[in-house]
Amino acid sequence: MEKNTLFLIFSVFLAWSLSAQEEPDDSLHYMEEISVVASRQYIPILKTLDYIHISCDDLLKYQGNTLAGSLERIPGLSSINTGTGIAKPVIRGLSLNRIIVNEYGIKQEGQQWGLDHGLEIDQYNVHQLEVIKGPVSLLYGSDGIGGVINILPAPVLPVNTFKAEAILNYKSNNDLFGTSVAIRNNRNDIFTDFRITYQDFADYRVPAEEFTYNSYILPIYNSRLKNTAGNDLNLSGLAGIRRDWGKTSIYVSNVHQNAGFFIGAFGTPKAYLLTDDGDNRSIDLPKQVINHFKVVSNTQLKTRNGFLEIDAGYQNNNRQELSLPHAHGQGPAPEGNLALQLELQTWTANIRTPLFSSGKWKVLSGLNMQLQQNKRGGYEFLVPDFMTVLGGVNAYAEYSASGRWMFSSGIRFDGAYQQAQRSFIALYDESGELTGYQQRSPSVSESYFNVSGSAGMRFAINTSSDLKVDLGSAFRVPTIVELTSNGVHHGTFRHEMGDSSLRSERGYMLNLNYHYSGRKLVVSVSPFANYFDNYIYLRPSSKFSPLPDAGQIYQYTQGRAVFAGAEFSTSWKVLPWLSNDLGVEYVYNENLDLSMPLPFTPPFSVREELEFKPAFKADWLRNTHFIFIGHYYAAQNRTDINEPPANGYFLLHFTAGNTFTLGKNRLGLSVQVRNLTNTKYLNNMSRYRILNLPEQGITVNITLRYEFN
Amino acid sequence: MKHHRLLLFMVLALFSCKDKKKEDTPKSGKPVITIIDQSTPAVSEYLCDALFGNVLKVATGDTLRFTFYFQASNPLSQYKIDVHNNFDCHSHGKSVDWSVLKIEDLSGTEVTVEEALIIPENASAGNYHLMIRLLDIYGYEAEVKEFNVIVHNPEDEEAPQVTLTAPVEHSTYQHWDVVHFHGTITDNLSLESSRFELKFTDSNDHTYHLYEIFYPQGTTTSYTIDTAYTVGPFIAPGEGYFTIKAYDKANNFSLKTVPVIIE
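Residue numbers (the working numbering), protein chains in the order written: chain A, 1 to 709; chain B, 1 to 263.
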């Protein structure tokens with residue numbers, strides 16, 4: 001078996017190196033696509049999976065609290081939230097390390113395993129992105145189980161042009177003030193792009209004066225959740241050059257997030273902890289401070305073979321979770337407030353090139369490599385220092401049989417190696433004397449090997465509708481956290497324990513998509529079914545943590561699971577001034593070993609959107625639009641052990657906006673009212689659901705965007 | 001009989017190895033902890049400025065006796081009794097005075113357990129948390145039973161004394177003014193590992209918890225107050241008052257209020 005796979009890898013390499021010498025006849029065609037859409041349109045798998053492209057204008061128009069929140073409008077996407085500042089994306093009920101977020105071709109690496117760990121991306125710095133729902137391991141290797149969110153670079157400005165933009169943002173619910181300023185320039189095809197974003201928000205308001213936890217009625221002073229304030233400061237810069245030989249650019253960014261946690265979310269909430277401190281903008285303990293620095297280089301070279309794409313990146317994700325030390329048994333009391341620090345450094349390199357192409361065939365190949373190093377700190381032990389190496393090579397082909405049939409398939413081989421040192425904790429007797437050491441986490445030195453593949457087809461039923469089918473397999477290497485963690489994770493306040501014998505998680509997915517695109521109506525139906533034979537999840541164990549003031553141990557376990565569901569959406573231009581958008585989504589999952597649901601499953605939801613664009617005579621009112629959005633979420637009663645269910649709810653949002661043209665410049669104004677009825681509801685996708693805390697109440701969001709050309 | 005059991009176990013083990021993937025589906029529903037009997041009845045009492053109805057008042061050397069009835073739909077697995085100090089109202093810091101950490105295995109779906117918790121003679125006075133937790137074999141967790149135990153120390157019932165030289169009563173302050181606090185806190189015993197709080201109540205009767213300051217390591221029977229507060233813009237103008245609430249190790253406390261005018 002191993003010999004065969006080695007041989008296969010070797011063959012792919014060989015084919016790749018040989019192909020570099022062939023004369024392609026279709027290279028020009030590829031190049032055109034690259035320079036127009038920046039990249040990725042030519043990846044065959046995109047044509048057989050559910051693919052969505054989103055522009056920056058759409059992101060601003062439907063802006064949520066975070067990037068993950070803004071994407072919730074897309075059927076099949078949701079987010080797991082911790083307050084207003086922290087959110088992680090969910091695709092078809094899959095999240096954590098099962099979703100890949102790529103920025104400029106480099107996979108974002110920032111402790112994605114944590115439920116309360118948000119995405120370290122400046123949502124104003126997203127010019128365009130694409131979402132692919134379904135298995136993408138073929139393209140990206142480990143973690144490509146649920147899908148990918150690709151944040152793409154902005155198209156290069158036309159030669160010798162300049163553009164600047166300033167965004168001002170206010171959100172009434174948490175008194176958020178935000179600003180983002182960008183300057184873009186292209187001089188003789190040497191282009192630059194700079195952005196600075198700052199936002200500061202206060203504790204958010206909920207439509208409640210009290211909440212009930214553990215039979216106690218606890219106060220919420222001034223309807224604000226104490227210590228949920230935060231701020232972000234993001235800086236980024238890009239510089240590049242475009243010439244006959246191709247294009248290259250370097251992108252540097254730093255995202256800094258400072259977010260408080262609701263003070264009652266750590267341990268059992270107590271009334272006296274919730275008293276007003278008189279300043280709803282203060283970020284006290286417990287809180288998290290995250291800094292994500294990255295350097296990404298993107299190069300596209302024209303070669304005799306077509307093109308060669310090289311992406312390389314370095315990321316430094318520094319996560320600090322701060323809180324007052326809790327009761328710690330014997331031994332010296334911890335010093336300082338740094339509970340947990342994780343500093344993750346990631347080096348990535350990706351190469352992609354066509355192997356071969358003719359009239360009907362296109363064959364591409366890629367190589368990915370990633371090296372990671374994690375260092376820990378703080379008085380809480382959760383995960384040890386570790387090192388991870390991942391590498392993969394793939395080849396994928398597209399075959400257009402006729403105008404109506406298109407087939408794609410591909411195969412990928414991945415290897416991974418992970419290493420972690422054994423960790424110990426000091427033991428003390430009752431008088432506080434050191435008596436010895438005990439193993440806290442085992443040493444890990446594991447290799448993994450995975451083969452993943454995908455086969456799909458697209459059939460054009462007629463000029464306006466097509467049918468896509470894709471069958472794929474995807475995998476993910478267990479994270480070191482899943483293998484070795486042993487301690488109270490402050491973010492979730494649970495004792496979490498790893499299992500060093502976990503194997504790679506593997507899934508097999510079937511995706512279907514029917515798409516109709518008529519003159520006035522667009523309809524899309526996407527059913528899917530996934531089967532996992534080694535699904536890794538945190539299972540509540542039947543044993544208590546031996547640590548003081550800690551509840552039960554949550555143990556990383558793996559087992560069989562299924563995920564199935566569908567999305568349905570329509571976009572109907574009813575009248576020239578009226579359009580109607582409908583999105584329906586449903587996910588069913590089951591832990592087959594226990595015949596139980598899995599945690600954090602998005603509920604069935606229906607989103608109905610009516611957009612009015614009155615035909616005003618006045619020129620300056622021409623872009624005026626009014627949008628009414630009704631979003632119904634059904635009750636989620638399919639919950640895991642100890643996961644409380646949530647009732648259904650209905651939210652109403654309203655947006656009014658216009659873009660004024662001022663000479664060469666444009667001024668966009670948008671007023672968005674979210675949760676118009678100030679509905680009190682519990683969201684099972686929120687980390688604060690367990691405390692019975694209601695979600696954000698009414699908020700009026702005002703966005704001003706000035707574009708200077 | 002013993003051999004039969006062993007054989008049965010081996011067959012079961014073999015069977016479970018062969019088909020270990022599929023487990024029984026747990027019955028839904030959390031386990032429940034019911035307290036059938038307790039030696040000290042719970043009373044309502046202000047603790048850390050909030051009213052609690054689950055307060056047990058005991059003295060050092062006393063014994064707290066409970067009879068618990070544990071019940072669940074699935075077989076029970078474990079219960080845990082956890083006592084740690086809550087001197088500073090945040091359950092932070094070390095538990096060296098009186099702490100209990102007891103985990104016991106259970107079986108069956110209904111169990112009655114008697115527990116006796118002896119408060120050591122040398123336990124520091126103050127408030128403690130007592131928590132009783134229960135799990136079934138699938139990890140369903142019962143709602144935690146929680147008590148605040150106030151341990152009273154017959155050897156120290158004297159509250160600390162607060163004297164303030166600044167701020168002067170009825171002084172006038174504006175927003176952003178800095179109010180300096182000078183004075184002393186004295187007690188009959190060492191103040192170490194206890195604290196004082198500074199609060200302000202404005203003319204709207206809204207109380208702000210400004211500071212909680214711990215007496216530093218090595219503090220003896222006297223502590224010198226030297227702190228400052230910048231009057232926040234959110235404080236309503238009019239007559240208000242600062243309150244200093246000083247605690248000692250036995251959780252005895254005294255209050256000192258200073259009326260001021262905010263313009």
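It should be emphasised that the hints constitute simulated quantities derived from the structure, not laboratory data.
If you're wondering where the values come from, they're calculated on a predicted model, not measured in any experiment.
Keep in mind that a hint or two might mislead.
Claimed, not checked - In silico SDA-like links for lysine to any residue, alpha-carbon gap of 20 Å or less:
1) K543/A to Y173/B
2) K199/B to R404/A
3) K27/B to V671/A
4) K199/B to D284/A
5) K664/A to V144/B
6) K30/B to R638/A
7) K30/B to K360/A
8) K145/B to Q320/A
9) K145/B to D156/B
10) K543/A to V144/B
11) K360/A to Q320/A
12) K543/A to K199/B
13) K199/B to Q217/B
What the hints assert, rightly or not - Now the stretches of chain B that chain A is said to cover, found in silico as 3 or more residues with beta-carbon under 8 Å:
14) 159–165
15) 219–231
Claimed, not checked - Some chain A residues judged to face chain B by a derived CB distance under 7 Å, without partners named:
16) P207
17) E380
18) Q438
19) Q439
20) Y537
21) S541
22) D549
23) Q552
24) P645
25) Y649
26) L652
Ideal Cβ positions, reconstructed from N, Cα and C, are used throughout, including at glycine.
Consistency of the hints with the structure:
This hinted pair does not check out: K543/A and Y173/B have alpha carbons roughly 57 Å apart, beyond 20 Å. Between K199/B and R404/A the CA atoms are separated by roughly 76 Å; this puts the pair beyond 20 Å, and the hint is violated. With a C-alpha separation of about 49 Å, the suggested pair K27/B and V671/A falls outside the 20 Å cut-off, and the hint is violated. Between the alpha carbons of K199/B and D284/A the distance comes to roughly 17 Å, so the proposed pair stays at or under 20 Å and holds.
Using a Cα cut-off of 20 Å, the hinted pair K664/A and V144/B is violated, with the two alpha carbons roughly 65 Å apart. Distance hint between K30/B and R638/A is fulfilled; the C-alpha atoms sit about 15 Å from each other, no more than 20 Å. Taking the CA atoms of K30/B and K360/A, the gap is near 61 Å; set against the 20 Å cutoff, the hint is violated. Note on K145/B and Q320/A: the hinted pairing is violated, with a Cα-Cα distance of about 32 Å set against a maximum of 20 Å.
Under the criterion of a C-alpha separation no larger than 20 Å, the hint pairing K145/B with D156/B is inconsistent with the structure, at around 30 Å. For a cut-off of 20 Å, the pair hint linking K543/A to V144/B stands: about 15 Å separates their Cα positions. A C-alpha spacing of about 53 Å is found between K360/A and Q320/A, which places the hinted pair above 20 Å, so the restraint is violated. Of the supplied pair hints, the one linking K543/A and K199/B is violated, its CA atoms being roughly 42 Å apart against a limit of 20 Å.
For the hint pairing K199/B with Q217/B, the CA-to-CA distance comes to about 23 Å; that exceeds 20 Å, so the pair is violated. Counting residues of the segment 159–165 of chain B whose beta carbon lies closer than 8 Å to any beta carbon of chain A gives 0, which falls short of the minimum of three for the stated coverage. With 0 residues carrying a beta carbon less than 8 Å from a beta carbon of chain A, the segment 219–231 of chain B misses the three-residue requirement, and the given coverage is violated. With 7 Å as the threshold, the beta carbon of P207/A stays out of range of chain B, its nearest partner Cβ sitting at about 21 Å, so the hint is violated.
Taken as an interface hint, E380/A does not check out: its beta carbon lies about 13 Å from the nearest beta carbon of chain B, beyond 7 Å. Taken as an interface hint, Q438/A does not check out: its beta carbon lies about 15 Å from the nearest beta carbon of chain B, beyond 7 Å. Restraint check, Q439/A versus chain B: the minimum CB separation of about 19 Å is more than 7 Å; hint violated. At its closest, the beta carbon of Y537/A sits 12 Å from a beta carbon of chain B; the interface hint therefore is violated under the 7 Å criterion.
Annotation: S541/A was flagged as interfacial toward chain B, and the flag holds, the nearest CB pair being 5 Å apart, inside 7 Å. The restraint placing D549/A at the interface with chain B holds, with a minimum CB-CB distance near 6 Å, inside the 7 Å limit. Using the Cβ-Cβ criterion of 7 Å, the hint placing Q552/A at the interface with chain B is satisfied: the shortest such distance is roughly 6 Å. Contact between P645/A and chain B, as hinted, is not supported at the beta carbon level, the nearest pair being about 10 Å apart and thus beyond 7 Å.
The closest approach between the C-beta of Y649/A and any C-beta of chain B is roughly 23 Å, which is over the 7 Å cut-off, so the hint fails. Checking L652/A against chain B by beta carbon gives a least distance of about 32 Å; that is not within 7 Å, so the hint is violated.
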